[in-house]
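Colleague: The lines below spell out each chain.
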Amino acid sequence: MTPFQYSRANDVADAIKQIATDPSAKFIAGGTNLIDLIKYDVEGPSRLIDISHLPLRSVEPTSAGGVLIGAMVPNTDLAYHPLIEGRYPLLSRAILSGASQQLRNMASTGGNLLQRTRCFYYYDTATPCNKREPGSGCSAIDGVNRINAILGTSEACIATHPSDMCVALAALEATVHVTGPAGARIIAFADFHRLPGNTPQRDTNLEPDEIITAIELPPKGFSANYSYLKIRDRLSYAFALVSVAAALELDGDTIKEARLALGGVAHKPWRSTAAEAALLGQRTDATAFAKAADWLLHGAKGYGHNNFKIGLARRAIMRTLDQAARGTPQSNSDKKIR
Amino acid sequence: MASYIGSATPRVDGRAKVTGEAKYAGEFNVPGLVHGYVVESTIPKGRIVRIDPSGALEVDGVIDVLTHRNRPQMADKDDAYKDEVATEKGSPYRPLYDDIVLFSGQPLALVLAEDWETARVAASLVKVEYQKAPHVTDLHTERANAFAIDKPEKPRGDAEKAFASAAVRHEAEYFIPTEHHNPMELFASTAIWDDGQLTVYDKTQGVQNVQQYLCGVFKMKPDAVRVMSPYMGGGFGSGLRPQYQVVLAVLAARALKRPVRVMLSRAQMYALGHRPATIERLALGAKSDGTLDAMTHEAIAVTSQFEEFARNDTGWGNLLYRSPNAKFEHKLVKLDVPTSCDMRAPGAATGVYALECAMDELAVALKTDPVQLRLQCYSDRDQGADIPYTSKQLRECYREGAAAFGWDKRKAEPRSMREGSDLVGWGMASGVWEALQMATTVRIVLTANGHAEVATAASDIGTGTYTIMAQVAADMLGLPIDNINVKLGDSTLPQCPLEGGSWIASSVCNAIANTARAVRGDLLKLAIGMKDSPLAGAGVDDVALIDGKIVSRRDATRAVSIASAMQSGTADRITREEANKVAEDKSHARNVHSAIFAEVKVDEQLGVIRVTRVVNAVAAGRILNPKTAHSQVMGGVVWGIGMALHEETLFDHRFGRVMNANIAEYHVPVNADVHDIKVIFVDEPDEMVNPLGIKGLGEIGIVGVAAAIANAVYHATGKRVRDLPITLDKVIQFN
Ligand SMILES: Cc1cc2nc3c(=O)[nH]c(=O)nc-3n(C[C@H](O)[C@H](O)[C@H](O)COP(=O)(O)OP(=O)(O)OC[C@H]3O[C@@H](n4cnc5c(N)ncnc54)[C@H](O)[C@@H]3O)c2cc1C
Ligand code: SF4
Numbered sequence: 001m002t003p004f005q006y007s008r009a010n011d012v013a014d015a016i017k018q019i020a021t022d023p024s025a026k027f028i029a030g031g032t033n034l035i036d037l038i039k040y041d042v043e044g045p046s047r048l049i050d051i052s053h054l055p056l057r058s059v060e061p062t063s064a065g066g067v068l069i070g071a072m073v074p075n076t077d078l079a080y081h082p083l084i085e086g087r088y089p090l091l092s093r094a095i096l097s098g099a100s101q102q103l104r105n106m107a108s109t110g111g112n113l114l115q116r117t118r119c120f121y122y123y124d125t126a127t128p129c130n131k132r133e134p135g136s137g138c139s140a141i142d143g144v145n146r147i148n149a150i151l152g153t154s155e156a157c158i159a160t161h162p163s164d165m166c167v168a169l170a171a172l173e174a175t176v177h178v179t180g181p182a183g184a185r186i187i188a189f190a191d192f193h194r195l196p197g198n199t200p201q202r203d204t205n206l207e208p209d210e211i212i213t214a215i216e217l218p219p220k221g222f223s224a225n226y227s228y229l230k231i232r233d234r235l236s237y238a239f240a241l242v243s244v245a246a247a248l249e250l251d252g253d254t255i256k257e258a259r260l261a262l263g264g265v266a267h268k269p270w271r272s273t274a275a276e277a278a279l280l281g282q283r284t285d286a287t288a289f290a291k292a293a294d295w296l297l298h299g300a301k302g303y304g305h306n307n308f309k310i311g312l313a314r315r316a317i318m319r320t321l322d323q324a325a326r327g328t329p330q331s332n333s334d335k336k337i338r
Numbered sequence: 001m002a003s004y005i006g007s008a009t010p011r012v013d014g015r016a017k018v019t020g021e022a023k024y025a026g027e028f029n030v031p032g033l034v035h036g037y038v039v040e041s042t043i044p045k046g047r048i049v050r051i052d053p054s055g056a057l058e059v060d061g062v063i064d065v066l067t068h069r070n071r072p073q074m075a076d077k078d079d080a081y082k083d084e085v086a087t088e089k090g091s092p093y094r095p096l097y098d099d100i101v102l103f104s105g106q107p108l109a110l111v112l113a114e115d116w117e118t119a120r121v122a123a124s125l126v127k128v129e130y131q132k133a134p135h136v137t138d139l140h141t142e143r144a145n146a147f148a149i150d151k152p153e154k155p156r157g158d159a160e161k162a163f164a165s166a167a168v169r170h171e172a173e174y175f176i177p178t179e180h181h182n183p184m185e186l187f188a189s190t191a192i193w194d195d196g197q198l199t200v201y202d203k204t205q206g207v208q209n210v211q212q213y214l215c216g217v218f219k220m221k222p223d224a225v226r227v228m229s230p231y232m233g234g235g236f237g238s239g240l241r242p243q244y245q246v247v248l249a250v251l252a253a254r255a256l257k258r259p260v261r262v263m264l265s266r267a268q269m270y271a272l273g274h275r276p277a278t279i280e281r282l283a284l285g286a287k288s289d290g291t292l293d294a295m296t297h298e299a300i301a302v303t304s305q306f307e308e309f310a311r312n313d314t315g316w317g318n319l320l321y322r323s324p325n326a327k328f329e330h331k332l333v334k335l336d337v338p339t340s341c342d343m344r345a346p347g348a349a350t351g352v353y354a355l356e357c358a359m360d361e362l363a364v365a366l367k368t369d370p371v372q373l374r375l376q377c378y379s380d381r382d383q384g385a386d387i388p389y390t391s392k393q394l395r396e397c398y399r400e401g402a403a404a405f406g407w408d409k410r411k412a413e414p415r416s417m418r419e420g421s422d423l424v425g426w427g428m429a430s431g432v433w434e435a436l437q438m439a440t441t442v443r444i445v446l447t448a449n450g451h452a453e454v455a456t457a458a459s460d461i462g463t464g465t466y467t468i469m470a471q472v473a474a475d476m477l478g479l480p481i482d483n484i485n486v487k488l489g490d491s492t493l494p495q496c497p498l499e500g501g502s503w504i505a506s507s508v509c510n511a512i513a514n515t516a517r518a519v520r521g522d523l524l525k526l527a528i529g530m531k532d533s534p535l536a537g538a539g540v541d542d543v544a545l546i547d548g549k550i551v552s553r554r555d556a557t558r559a560v561s562i563a564s565a566m567q568s569g570t571a572d573r574i575t576r577e578e579a580n581k582v583a584e585d586k587s588h589a590r591n592v593h594s595a596i597f598a599e600v601k602v603d604e605q606l607g608v609i610r611v612t613r614v615v616n617a618v619a620a621g622r623i624l625n626p627k628t629a630h631s632q633v634m635g636g637v638v639w640g641i642g643m644a645l646h647e648e649t650l651f652d653h654r655f656g657r658v659m660n661a662n663i664a665e666y667h668v669p670v671n672a673d674v675h676d677i678k679v680i681f682v683d684e685p686d687e688m689v690n691p692l693g694i695k696g697l698g699e700i701g702i703v704g705v706a707a708a709i710a711n712a713v714y715h716a717t718g719k720r721v722r723d724l725p726i727t728l729d730k731v732i733q734f735n
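These protein sequence lines map, in sequence, to chains A and B. The numbering of the first sequence is my numbering, which starts it at 1 and goes up by one. The numbering of the second sequence is my numbering, which starts it at 1 and goes up by one.
I should point out that these hints are in silico values taken from the structure, not numbers from a laboratory. One should not assume that every hint holds.
[Claimed, not checked] Computed cross-link-like contacts, BS3-like style, restricted to lysine-lysine with a CA-CA straight-line distance of at most 25 Å:
hint : chain 1 : residue 1 : chain 2 : residue 2
1    : A       : K335      : B       : K127
2    : A       : K336      : B       : K409
3    : A       : K301      : A       : K291
4    : B       : K334      : A       : K335
5    : A       : K39       : B       : K127
6    : B       : K367      : B       : K334
7    : B       : K334      : B       : K161
8    : B       : K581      : B       : K525
9    : B       : K531      : B       : K549
10   : B       : K409      : B       : K77
11   : B       : K411      : A       : K336
12   : B       : K730      : A       : K336
13   : B       : K411      : B       : K730
14   : A       : K335      : B       : K219
15   : B       : K257      : B       : K219
16   : B       : K89       : B       : K219
17   : B       : K719      : A       : K336
18   : A       : K256      : A       : K291
19   : B       : K678      : A       : K336
20   : B       : K730      : A       : K301
21   : B       : K678      : B       : K627
22   : B       : K334      : B       : K82
Assemble the whole structure, with the sequences as input and the hints as a guide.
Modeller: Here you go:
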C-alpha cells in the first residue's frame, strides 16, 4: 500500500483538471473495486480524486427516445429505476444478478465499466501477471484458470471482464459519454473495452485523463423478449462462469432482430454480428439457437480448467434464447434456472 | 417455576452482541496502543537471505520492525511451544524464530506503528530477499511419499480375503480438498505489558491453553500472565491452538514495553491451520443378503513438514456398521504448508463423507434402499472396542428423518424423478460423533440477594455456552435466569478445557450441577441451624432449590427461603468451586448420531445444483436449549452444503500459494444456496453417559451432510462425483 492524497472534484471540469496535473492520480467513485486493489497493493495511486459527489446521478429520457444514465448513478438505483425496469428490463436483471445488495448500493455506473478482472493472479503480487506488470508473464495460462477466458484471448493474457451490467449494455448497444482535456466524445459500447492483445494492462479505450460522464441507451429496449442468465458456482454473490444476455424482436415466432452477448468468457462482453445475423428471419427453435451459439463461440479455446465453459456457454446461450423467445426471462429472486 | 433446561431460551449474551457491548480480541483499546502488521513470506520454502526494513522505518509513525534478528528472546526448546493440542510428533512452528521459511504466508516481520493504517502501509515497504528451495504442496503428486501414522485402528479378521470373496463389492477413492474455517472475526490479539505483568485479549477457544503456552514461550510465571477471550466471532477449531499473532503481539509488547495489538487480514488467515486435503479409499464387501462382510477404510491426509497432525478419519465405520472383517490405514503426506488443524468435526466430516458415499454406492450395487442397507448393517456395539453404547437412537433417527422427509416416495432408479428442466435427487447418510466429557471446574458465588455468578475459563465461541450455563445454574439454584451472571473466557477463572470436540456442554453443565449441590449443602446447613427449622434432619439430596427457597423434596411445604437461611447465618455470600466427575468407565461407548436426508435439483442441461431440502435427525442425549441447539445443527447443515458444493482452497502448486485467499472467491453458501432445513432432535434419555445426560452437539450437525448431498446428486443425475466440491462441470461433461 502507498499513502495517497485525497481530494474532491467540484465538477467534471475540475475532475479533469485535477487528473491532468497528476498522472498517477485515480478517480474514485463507489470504491468497491479500487479500494480492494489498493489494499492488495495492485494499485498505488498518489491521489484519489473523489468524483462520487459530481452531479451525474440522474436517469433521464433523451430527445432521441433513449435514456441517459449519469455515471454516478448507483447500480441499485439504476436497476430499480422505473424507466429501466419498464423499458430495459434486461439491464435491470443483469445488474441485480451481480455482486451483493451492499456492493450494488455503493457501486457506480461508470465504475462498473472500469472494474478490473478477477483473475486470481492479478490480485496476488507474488505471482507474475502481464496485466499488473507488463512483461512479467501470464500465470493463468498454465495455472488455476477455471474462471478465465475462452474467447478473444492472447498469449499475454486470458483474463475476463467480470461485469454483468456491461453484458446487458453491450447487447443493448449503449454508448459511453466521456469527457477529457480535449473535450467530450462518445464511444460505442463495442469499442469501449479492448481485447488483451499485447497490452493486457489496458482494459479500455478510455484515456487516463478522461472521465465517464454518462451511459446512453438507444430507444430499443427489447422489453418483451429478453433474458439474462448467469451461471456461477453458487446461486448468488459470485462472478459469472458464463452469462448470457439475449434480446429478441419477434414477429410471431420469427426473429426480426436479435442481440446476444456473453459475459465471463472474454476480456470484454462478447458479441458476434454473424451470430445475430444467423438468427434473423429464423423461427425461435433449437436449430436456430444452436447455430447462433456456434457462431458466437466460434474460435473458443479452453486452457485446461476452463474447458467446460465452451460447452456450458453453448447450452446457456440456447437456454437464454429460449427464455427470451418464450417471454419467460430468468428471474433473480427465485434462484431457480427457468 | 418451569425448568430452563430444555426450554428454548434466548441467548443471554444476545443483547450485548447486537449492541456492540460485547468486545472481541481486536476491540480492547488502551491508551498508547501500538499496532502491528505482519509481513508474510511469498515463497513456500527456503531461507531469508536479507530483510530490509529501512523503507518501513522511514514512514512517519513507525516505531520499529521486528524480525527474527532483533526480536526479544523466546524459548529455544520444542516443549515450550507445545500447547494442549500440539501434535505428539514434530516441532511446533515458532513465529519470527529464525530465517527458515516453512510455508507461504509465514510471518517474517512485524511492523509496529502508532496506528494500524501506518503499520500496513509500512509493511508493504519491507523488502525480503530469499534463497528459494524446491517445494511441494500437492497431495496427489506426493501420495507415493505417504507414511503410516503410529496408532492405527485395530484390524478385525481378514478384510482383504473377505472382500475378494464378497458377493457384492464396492471400491473407490474419494477426495476432500483443503478447506479453511473462515470465521467472521479476524484473528487478533491485544497484549498489555505492565511492569512484568502481561494481560492478553486473544481470539482463542482456550484461554488457559494460550496462557500456559505463553508462559512456556516467554518463560514467564503463571501468575504474571492473564489471557482473556470473553467473546469469539466463530472459531470452528481454528482457535484451538494458539495462533501466531498472539506470540507476535507479546513479543512486541515486551520489546516496546507498550500495549500492542496484532490483527491479521483475511488473506493472512489462509496461512493458519486448515482442514487437510484428504484422499479416502473405501472397499466394502457384502454378502448377497446385504450384510457387510468386509470393510477397509484408508485415508491419506496432508500435514506440514514439521508436525504430524492426524485425526480419526477411518474409525467411524466401526461405530456404524457390523462387519466381521475390517481394516484401517491412516497415512500422512508432508507438504510445505502450515500444519493442518481441527475444523468442525475433524476426521468425521471427511471420513464419514467417504464412508457414507461408499455405503450409498454399495446400496446401488446391492439394489437395496440406502436406509434399508444401513439398518441391515446396524451395529449395536462399538466394534473397535467391542462394547455397547450408553445410548444409540440412530434407528429412530433414520425412522423420524425418513418420515419427515417423505423418503418412502423415493423412486430408486437414478434420473427417475423430475421437475421441469430439473432432475430431482434424494440422498441420505448417517452421522456420528463422540460424546465426551473433560475435567472442568466451576465456581458459583451466591449472594444473599438471590444473585449468582457462575464462572469457568471456557470460551463461548458462539455456540451459546453462556446461555446453557445460565439455564442450568438457574435451575440448579432455583433462581430466575436474569439473576445468573455467567463469566467465561478468562484464564484466571477455574480450570476448563478448550472449547472443542463437542465436550463443553456436558463438561461445564455437570460441573455446575456438582457445584450447585455444594452450594445447596451450605445453604441447608444454614437452614438447619435456624430455630425450629422445617428442614431439620434433611440431607443435601433430600432438598432442592426452587423459587429462591430450600425445599424438602418429600414435602414441599417444608421450606426455608435462601435469603433467610443466609441471613440467619450472617452469610452475605456462599462461594463454592467443584469439578465434574469424568467417567473412567470404559465399559460403554459414548457417541451421538444422526441421519441426514437431502433433496437436490439439478438442471439437466446446465448442471446447476440446488439443495432444496435437508432433514437432519439428531440423537444427542438431552437437548439443553432447543433454540441454540437448532441453530448449531442448522449451521452444520449449511456448512455441509458448502463442503458438498462450494468449498475449496485453491492452490497454485507452482507457487505453493493459495489463490483464492478471500471470501469473495473462497465460496461458502450464501442465503440463496440455503433452502428448507429441518432439524429434528430424537428423544434419547441417557443416564449413563453423565448425570445430566448431555452428549453435546457442536460437531454432529455437519457430519454426513456432504455425503447425503453427494448421494442425492448421484440419484438425480446418475453421475457419481467423488471429489469435492461437486461443481457443475463435474456433474456434466460439457464438451
Ligand atoms: C466481492 C465482490 C463481488 C462482486 N460481484 C460482482 C458481480 O457478480 N458482477 C458484477 O458485475 N460486478 C461484481 N462486483 C464488482 C462491482 O460491480 C464493481 O466493483 C463496481 O461496479 C465498481 O464500481 P465503483 O463505483 O465502486 O468503482 P470504483 O472502485 O470507485 O472504481 C473502479 C475504477 O473505475 C474508475 N472510475 C470510476 N468511475 C469513473 C468514471 N466516472 N470515470 C472514469 N473512471 C472512473 C476508478 O478510477 C477505478 O479505476 C463485485 C465486487 C466485489 C468486491
Ligand atoms: S490472465 Fe491476464 S490477468 Fe490473469 S495472470 Fe494472465 S496476464 Fe494476469
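Colleague: Confirm or reject each hint.
Modeller: Against the structure, the hints:
Between A/K335 and B/K127 the CA atoms are separated by roughly 47 Å; this puts the pair beyond 25 Å, and the hint is violated. In summary, the hint linking A/K336 to B/K409 is supported, as the alpha carbons are separated by about 23 Å, within the 25 Å threshold. For the proposed pair A/K301 and A/K291, the alpha carbon gap of about 18 Å is at most 25 Å, so the pair holds. The hinted pair formed by B/K334 and A/K335 fails the criterion: a straight-line CA distance of about 42 Å is larger than 25 Å.
For the proposed pair A/K39 and B/K127, the alpha carbon gap of about 18 Å is at most 25 Å, so the pair holds. Of the pairs offered as hints, the one joining B/K367 and B/K334 is violated, with about 40 Å between alpha carbons and a cut-off of 25 Å exceeded. Among the hinted pairs, B/K334 with B/K161 is inconsistent with the structure: their alpha-carbon atoms are about 32 Å apart, more than 25 Å. Distance check on the hinted pair: B/K581 and B/K525 sit about 24 Å apart at the alpha-carbon level, within 25 Å; holds.
Annotation: proposed proximity of B/K531 to B/K549 holds, straight-line Cα distance about 17 Å (limit 25 Å). Simply put, B/K409 and B/K77 have alpha-carbon atoms about 62 Å apart, too far for the 25 Å limit, and the pair is violated. With a C-alpha separation of about 23 Å, the suggested pair B/K411 and A/K336 falls inside the 25 Å cut-off, and the hint holds. Among the hinted pairs, B/K730 with A/K336 is consistent with the structure: their alpha-carbon atoms are about 20 Å apart, no more than 25 Å.
Using a Cα cut-off of 25 Å, the hinted pair B/K411 and B/K730 holds, with the two alpha carbons roughly 24 Å apart. Distance restraint check for A/K335 and B/K219: the Cα-Cα separation of roughly 57 Å exceeds the 25 Å cut-off, and the hinted pair is therefore not satisfied. Taking the CA atoms of B/K257 and B/K219, the gap is about 17 Å. The hint holds against a cut of 25 Å. Note on B/K89 and B/K219: the hinted pairing holds, with a Cα-Cα distance of about 22 Å set against a maximum of 25 Å.
Taken as a hint, the B/K719 and A/K336 pair is honoured in the structure, with Cα atoms around 21 Å apart against an allowance of 25 Å. Restraint check: the Cα-Cα separation between A/K256 and A/K291 comes to about 16 Å, which is no more than 25 Å; the hinted pair holds. In summary, the hint linking B/K678 to A/K336 is supported, as the alpha carbons are separated by about 21 Å, within the 25 Å threshold. With a CA separation close to 19 Å, the supplied pair B/K730 and A/K301 stays within the 25 Å bound.
Our distance criterion of 25 Å between C-alpha atoms is met by B/K678 and B/K627, whose separation comes to about 13 Å. Restraint check for B/K334 and B/K82: satisfied, since their Cα atoms lie roughly 19 Å apart, inside the 25 Å limit.
Hints 1, 4, 6, 7, 10 and 14 from the list above are not met by this structure, while the remaining hints are.
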